[in-house]
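Since the structure of chain V is already known, use the hints to place chain E on it.
Line order of the protein sequences matches chains V and E.
If you count the first sequence from 1, position 33 lands on 27 in the numbering used here, and the numbers rise without skipping.
Just so we're on the same page, the numbering used here is the position in the second sequence counted from 1, plus 416.
To be clear, the hints were calculated from the coordinates, so they are not data collected in a lab.
Treat the hints loosely; a few may be bogus.
[Unchecked claim] Here are the simulated DSS-like pairs of lysine-lysine, each with C-alpha atoms no more than 25 Å apart in a straight line:
| # | chain 1 | residue 1 | chain 2 | residue 2 |
| --- | --- | --- | --- | --- |
| 1 | V | Lys231 | E | Lys527 |
| 2 | V | Lys484 | V | Lys537 |
| 3 | V | Lys674 | V | Lys632 |
| 4 | E | Lys527 | V | Lys290 |
| 5 | V | Lys223 | V | Lys185 |
| 6 | V | Lys86 | V | Lys126 |
| 7 | E | Lys527 | V | Lys215 |
| 8 | E | Lys468 | V | Lys354 |
| 9 | E | Lys636 | V | Lys412 |
| 10 | E | Lys495 | E | Lys662 |
| 11 | E | Lys468 | V | Lys157 |
[Stated by the list, open to error] Computed footprint of chain V on chain E; a stretch qualifies when at least three of its residues, placed anywhere within it, have a C-beta under 8 Å from a C-beta of chain V:
| # | segment |
| --- | --- |
| 12 | 508 to 517 |
| 13 | 620 to 629 |
Glycine included, every Cβ here is placed at the ideal spot set by N, Cα and C.
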Amino acid sequence: MPHFLLEIGCEEIPARMLDAALTELTRRLAELLTRESLLRPSDAAQKDGDDVAWQSSFATPRRLAVSTDRIAASQPDVTEQVLGPSVKVAFKDGKPTPAAEAFAKKTGVDVSTLTRVSNPKGEYLAATVTRKGRLAAEVLAENLPKEIQAIYWAKNMYWREGKPERFVRPIRWLVAMIDDRVIPLEFAGIKAGQKTYGHRILFPGAQSIPKADEYKDVLAKCGVIAGPKEREHRIRKTLDAATRTVAGARWREDAELLTTVVNLTEWPSVVLGNFDHQFLSLPEEVLVTVMRDHQKYFAVEDSSGKLAPHFLAVLNTDSDPDGLIRHGNERVLRARFNDARFFWDTDQKTFLKQRVEMLKPVTFQKDLGSYYAKAERMTRLADRISAAINVAGIEVDHAAVKEAARLAKTDLTTELVKEFTELQGIVGGLYARAQGLPHSVADAIYDQYKPESVEDAVPRTREGAVLSLADKADSIAGMFALGMIPSGSKDPFALRRQANGIVKILAEHGLPVGITTLLMDALHCYQENEAEAKFTHTGDLFKEAIHTFFRERLEFYLREVKGLAYDVVNATLTASADDVVDAVARATAVSSVRPSPDFESISTSFKRMKNILRQAAEANRRVAHPYDSSALKEQAEKTLAAEIPKVASQVNSLRAARHYEQALMEISRLRPHIDTFFDKVMVMVEDEELRAQRLGLLQTLVGEFSSIADFSEIVTERK
Amino acid sequence: MPNLNVPTFQELILRFQRFWAERGCVLQQPYDIEVGAGTMAPETFLRVFGPKPYRVAYVQPSRRPADGRYGENPNRLYKHTQLQVILKPPPQNVQELYLESLTAIGIDLGKHDIKFEEDNWEAPTLSAWGVGWQVMLDGLEITQFTYFQQCGGIDLDPICAELTYGLERIAAFLQDVDSIYDIVWARNPQDGSVMTYGDVRLKEELQLSVYNFEAADVEKTWAHLNLYEAECQDLIRQFNSLNSNKETSQQERERFPLLGAYELCLKCSHLFNILDARGAISVTERVGVIARIRQLAVGLAKAYLAQQMPAKAEKKQNVEVA
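Chain V on its own, in the form it takes in the complex (with noise of 0.2 Å):
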């Protein structure tokens, strides 16, 4: 069976890039194959899903390769009927008129093989036709330099004079095989061939690969191996017998690392290297950072987990038998930590509270200002946050707070930070604390980044948790008072990302502070900035939008943190969704009583209610509103309207109390009347004053009793 290569030659593509750009180049070629008929079924039973498994991929920085024995010699021929001119036309005194042997030449018939077809508008000619498939070869040919040029990069670029086209990084080679043949494509001036390139270094030189099906044993005899999971796994397995040699040492995982290194080597092996240990007395979150982010090594730690002064580098060569890399790698790494500590020792000379100052030429962003005002406005709204909590009963300490908001900007002036970026914040709560600054402004201006991600965990402290608070409302607040609300995939200021940590405090941290009124506090502390000119987006068109955006975060939250079923979360965001942790805990008890018969059957019930309510609003009937008990005639709608005080007097307490499980318990003993009522009591009467006074009835129902949730939003079995 045939077997099917492509593999694009490329100057090193980007690490991040090139998962993605694997993936896509893969389902391009099963998208091409399938339009175009060159997809052979496969020999064993095709399982649904098992749509990956037939291709074999392959990338390295210097290529992107898929292979695959599943696709056709040629495109299967296809007979078709072609229709023809009318018979009528075709034909005079039974002898075919020139129509007819022209529409023969057309197809390629002889006039005595067209047959006749009848469709409503007549009798036609038509002619069978097969059309040859063509081979496979030649469709690739054709088409696989257009999908080559249509895949996906964030950045890419021009490299040939007229710049033809465009790509991540200039293509240098291309191997196109079937079997032992080449496909005969071209793209950006490059003709494919059978000549692959191994190792820059280890193996220079084209190599060439006889037969499509040896590309991946061609490759690893020239010092690449193709697939990046055989390369994590070495890079695993190396990393393990390195790591070995120091008596109780582990490396630390880390998933986005290990990805990254698989992506920047071909032949990855590793070193261990040491450092001194007196750098030991630096932060490991400082350490770390430094062998991570900017080296790419993985720490190692002791067996009770504290960092070790060691690293590990992972190569892109075979082995280091003079030494000479794992020295040269310990000479960086002695460099950067040499700088750490300078800038560490350095920074101190100014403590924070001397660095306000230094925020005021610091651009927070264009259009709101500088730094220094911003820290002026977290401090103010932090404050105000302090007190609407304390309000509630709960404690935090007010001065610790304000102290954290003004100081927690410092850090950006810091020489450590200016360096070491991903470290803002962390850097300046480590120095807050070497500064003889209490634990709990240290405390909350480390954590004032945090959560970073929906993973991520929320502040430690409710003081830590109260400054990220003010951070994070303020950039909201400021940016869509300058009309810069996120949409689609643009986000530019990760505000998402903030919202989300806004509802995961409120949430994890029970601070019954409104979302309206954080961010309505949080726009006032513009007030006299001069940001505030520019804003086009205050008032309701601000707090609309901040709704919406808001409502938005609480559903994902709700949904993909918390694992609340759609309809459950609809039901109950659409009673109210202001007040996140209300939110949490109305949307916990509608799960928890959703499953009961009783809940489900007032779903259903409430829905019709309000159905009828809706028809009767659309035909405009009047609704009395509050309605008369004594004009309602049937025992049935006495009953229910005798009931609903009741019921709403001891549902209005429990909800005081937030007992909403209780409370929806109460209201589901509503349903034998409500069932009652359906069942005997016609709404949509013809008597006008009783119809009235029966919608005036149902309304009451559904306002008085929807404020935990609408329950016409739960989606039930039963229509």
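Coordinates of chain E only, in the frame set by chain V:
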């Protein structure tokens, strides 16, 4: 006995220059006006325009006032030394050529670990960008390798390859010293005596750090900046009106001192850097001043292109006004 294959700082420069001269590069001398990087020298910033093939290599001392450390930091300098190579258009084997240049200075690639890691270069004040790599040698960034895509807001065609070697880093690596100031700059072949980088440059690092951070007169520096800018703007305006006048002869156009205007623009950029290091630029001003300098650079790039190929300038090149 010192290892003879380990070059002194000056020997390193000589080896690089010989290597690139042998590959067809014009060896230029460092530009004699303050620049922040080799890219800003006209041999790069202006030569990248137009279709004419060009290869040039030059050493460029590059000043970054804010990076000064009074000579106290072993790894950081106010003025570091770049070796800049421009290859227009880039040959197909440009990466191999680059690797050969490392062999030429005495690095046995078979014994080291080389990686090309993504690093895309961008200079907002020049409205210039490119894509490429930082070249890592045993974990040390030794070169910025860039395929220049746009310069002065103008899309380049052909593009060019720009290789920027950090000479202090490479020398420290080869000589295996931990401080830049310990690099052997020159060794007297007669008596073996040594001049270090510190002997040659330490005083300059100290005094210019003091100047940039403490002594530069803010008011006067602003005044200088404004004067240079005004003159540069004037020249650009004059050229543009000359250029749009149909009566202008080719000779008149060609003798117009755009290169002089460019020097004024470089002055502005350097003065801005001093003010920045001096902490004299507020947030609101900063964005504005950067925009002013970019406007000069972009205006000059456009004018230069018009001067080189008057008829084609507007049509052939996609001119974007930043």
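ask   = So which of the earlier hints does this model not fit?
value = 5, 6, 8, 9, 10, 13
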